[in-house]
Each structure stands twice: as structure tokens, then as C-alpha cells.
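Starting from the structure of chain B, add chain Y where the hints point.
Each chain is listed here by its residues.
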Amino acid sequence: MSETRMCTSEYSLSYGDFKALNSITIDIPTNRITAIIGPSGCGKSTFLRSFNRMNELIPCVSTEGSVMLDGEDIFEKDVVELRKKVGMVFQRPNPFPKSIFDNVAYGPRIHGIRERTRLAAIVESSLKAAALWGEVRDNLGKSGLALSGGQQQRLCIARALAVEPEVILMDEPASALDPVATLKIEELMEQLKKDYTIVIVTHNMQQAARVSDLTAFMLTDENRAGNLIEFGPTRDIFTTPGDKRTEDYISGRFG
Amino acid sequence: MPRASYESDLQAVRAELLEVAAMTERAVSESVRILKERLMDEGSALIENDEVINARCHAIEEICINLTATQQPVAGDLRFLFSTMLIAMELERIADYAKGIARINATIAPGPHIKPLIDIPRMAVVATSMLRSAIEAFLKVDPDEAARIPARDVELDLLYSQVYRELLTHVMQNPSKIDDAMKLAFSAHNLERVGDRVVNICERIIYHCTGEVVDF
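Top to bottom, those sequences are chains B and Y. Using the numbering used here, the letters of the first sequence correspond one by one to residues 33 to 287. Using the numbering used here, the letters of the second sequence correspond one by one to residues 625 to 840.
Bound conformation, chain B alone:
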């Protein structure tokens, strides 16, 4: 097992009186893909958004326990700095209504990089890392919205990479894409994990089995709070899960 990049300890999250996540403790290892699976409403997306404090945008949210990045409490960090280190890719590709170049250069510009040559170098390396460069290199001035769905999602990944994050959170990154575009994203994830730590939420269990090194299975308890039921190497979860609830879920016997 590689070193821990992020971890949570007895982390709970409530929306007002409603507890959505119940005391979750997990270690997210560096340069690995960790998949979070579970039925709808089990809190997996909420949990994913905890890693870069996206839940704070929702009113009435309160948390207990800790979330750490590189051994530091993320709640004590500057949130802009945190989100620079912990990037996010969403379910639906959401490029800005700007050129491909400006989409990728957006983050670096926010963080104070102004020189055109340096921005161009960042845009090129980010698009290359997102496996999109070859398809767009001659059209960097074209609108990001003019790309196909799969290309748009890779553009969003390039945009996330441009600010040199350590961790990339992916919330159902391929659910709006066709099978070929999906496989491209999955292949890209395999490439990206050499340099980044990836946490992915997916409804698609076969996708979790294909791409991830570790799988976390979440389920709601009788109070509808999301709990972590089982966490381990993906090959173990999908061949010999330790908990009957995991087996029933991944075998399609409920959920």
C-alpha cells in the first residue's frame, strides 16, 4: 500500500438535524484510484465533496471528525488553496463558454500566472495529460462548448490538471458519455494515477471494477445516514467481499 494522501477520521456530516454521513474513517492512498460505490442516496457524492469542502456551499451543513490532506486538517487550510490541490470533475461536462485555451488557462490565471508563453506551456501539458491535445491542438481558439461530450469531459479534466492538483475527485465522470468516450476517460484515469491521486464516485460497478485499485462500499443505515460498510482492494471486493451487504449490492440483489 502506498502512503496516504488524504484521510478521514470518524467524519460525520449533517444537513441541519439530518445526519447524511455517519462516522466515516478511510485512508485514500497516493497514486491510486479509489472508487466509492453504493446505492443512490447513500451519501457517496456528499462524501466525495467533503474532500475539497464543496459541501460548505450548502447552508446548514455541519461536520464532525477530521479530513486531512498530507497530514494537515483541511478545515484549517485556505479553501482556495485546498481546491487548487484537490480538483474536481463533475458528472456533466461543464466547460466555460470560452475558448479551449481559456478554459484550461482559467485556473492558472486565477492563481496569478499572466505570461502568455507560460500559460501556453501549461495549456499544452494539461491537454496532453488529459489525452486531448492531439484532437484540439490546431483549434485552441474554438469554443469549449463546440467539442463532443467526451472531449468536453477531457477538457474539464485538463482544466482541473492545469492548477497542478495532488488529488482529483471525479463524480460520475463518464455517466453522461457514450461507451467509447467512457473507455477513453477510464484509460486516461489509468495514465493520470501515475501523477495524481484519484477518488471516483460511480454508479457503474463494472467501471469501479475496471478502473479502481481500491473500492469503498457505502450504504445508508436505518436513520438514512451514509455509512462506510467495506473498504479494500477492488479485486477482493469483487471476488470475495467480506460483508454480505457488499456482496448483495455488487451482485445486484438489492439497491
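These are computed hints drawn from the structure, not numbers from a lab. Note that beta-carbon positions come from the ideal geometry of N, C-alpha and C, so glycine has one too. One thing to keep in mind: the hints can contain errors.
A few chain B positions that, by computed beta-carbon distances, are all more than 12 Å from chain Y [as the list claims (entries may be wrong)]: (1) E196; (2) T214; (3) L215; (4) E222.
Chain B is faced by these chain Y residues, among others (derived, beta-carbon under 8 Å) [to be verified]: (5) P626; (6) V676; (7) R680; (8) Q696; (9) A699; (10) G700; (11) L702; (12) R776.
Quick look at chain Y alone, frame taken from chain B:
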């Protein structure tokens, strides 16, 4: 129930495997009865029946492959389907050994054997009882029982050595009977191999139950 049709396919393939296992067990017992009692006419039915066992084993393999391709089985279902497929392959080979014994009988000239068959029928009893126990362990999803069965293979190996030694001694005294003696030794060897195949089946059952790949 979610996935009712998938559940029923899994149950159907399990039932089919049990039936083929019972047919295979009968084929082994029957082949040795044919050999022991020198039943010259009954071998052809057993040989024909082997075609049926082969076809049903292949059908099981096909169902397992199709369910794997179309239903994305994981965890216990995945282990069940892979084990079932591999057990079916072992059953097919066991039935081939039975067919081999029936064929050997047909090539030995009619009349009594060069010596009464005592240990070869004993080998058949041990081998078929091992197979029966293994299938029960599979049915009960009982890895402990499956792990106990391979020890009984030692008994088969000892009986085989004994048969081989006796036939060798007989041949030294009656060199003209070498052909018949060798054929009986082949029959005993087939039964010894049945034991090895049952041991393989036990390994698959343990994988099915625990996910652990063992080698006895």
C-alpha cells in the same frame, strides 16, 4: 426479487451440474462392473452415454460463459460460475476414464480375467465415494468437507500400487498374459486418475466457497 431470471439461470446450471455429476459417478461404477463381470455387450451403451455426458458438460460451460458475458457476475456468483465450469470439465474427463475402462474390457478376449478382480472394484468404490462426497460439499457450500476429501486419494494411490505390483508379479510368472495384465493396469490407472480429478474438483469447491486458490 431483483434479477429473478439471473437467479433462476444460476439455479438451473447448479441443478444440471449435479445431474451430470450423478451420471458420471454411475458411469465409473458401471464401467468397473462391466470389466469385472466381463459383460461384453453392455460397454457400447456406456460409450454412447459418454457422448451425452460430454454434450451436457459443454452445455454447462456454455451457460457459464454466457452468464459471465451478459450478467457481469461478481463475488460469490463469479466464483460459483467459474468453479462450475471447471468442475464440469473435470466431470467430462472422469467420464472419459469410465469410457476408457469399458473400451479396455471390449479388447480383452471373452472369458475370466487372468486373476479375480478384487482391488480394481475397491478402487471404483473409493473413487465414486470421493466424487459423491465432493458433490455434496459443493451442494452444501462446505469448504471443510471439500478439504477432507483429498486425503482419501492416498487410499486410491495405494490400491493402484498394489494392483500394479500384483499384475507385475503375475506377468513375471506368466509372460504370455502381458497384454491382458497391461490392460488391467490401464484400467486401474484410469481409476487412480479419477481420484486426481476429484481432488481438482475439491480445489474448485474451496475456491467457490472461500475465494482461496488451494493446491492439494
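Against the structure, the hints:
Against the 12 Å criterion, B:E196 stays outside the reach of chain Y, whose nearest CB is about 36 Å from its own CB. Remark: the non-interface label on B:T214 is consistent with the geometry, its nearest Cβ contact in chain Y lying 15 Å away (cut-off 12 Å). The claim that B:L215 lies off the interface holds: its Cβ sits roughly 16 Å from the closest Cβ of chain Y, which is beyond the 12 Å cut-off. Non-interface call for B:E222 relative to chain Y: holds, since the shortest CB-CB distance, roughly 20 Å, exceeds 12 Å.
Below 8 Å, beta-carbon pairs count as interface contacts, and Y:P626 has one with chain B at about 6 Å; its hint therefore holds. Among the interface hints, the one on Y:V676 is violated; its C-beta lies about 33 Å from the nearest C-beta in chain B, farther than the 8 Å criterion. The beta carbon of Y:R680 is not positioned within 8 Å of any beta carbon in chain B (closest approach about 26 Å), and the interface hint is therefore violated. For Y:Q696, the suggested interface contact is upheld, since its CB lies about 6 Å from the closest CB of chain B, less than 8 Å.
Proximity of Y:A699 to chain B holds as hinted, the smallest CB-CB distance being about 5 Å (cut-off 8 Å). Annotation: interface hint on Y:G700 holds; nearest CB of chain B at approximately 6 Å, less than 8 Å. Against a cut-off of 8 Å between C-beta atoms, the interface hint on Y:L702 holds, since the closest Cβ of chain B lies about 6 Å away. Interface hint status for Y:R776: violated, as the beta-carbon distance to the closest one in chain B is roughly 28 Å, over 8 Å.
Consistency with the previously given hints fails for numbers 6, 7, 12, ordered from lowest to highest.
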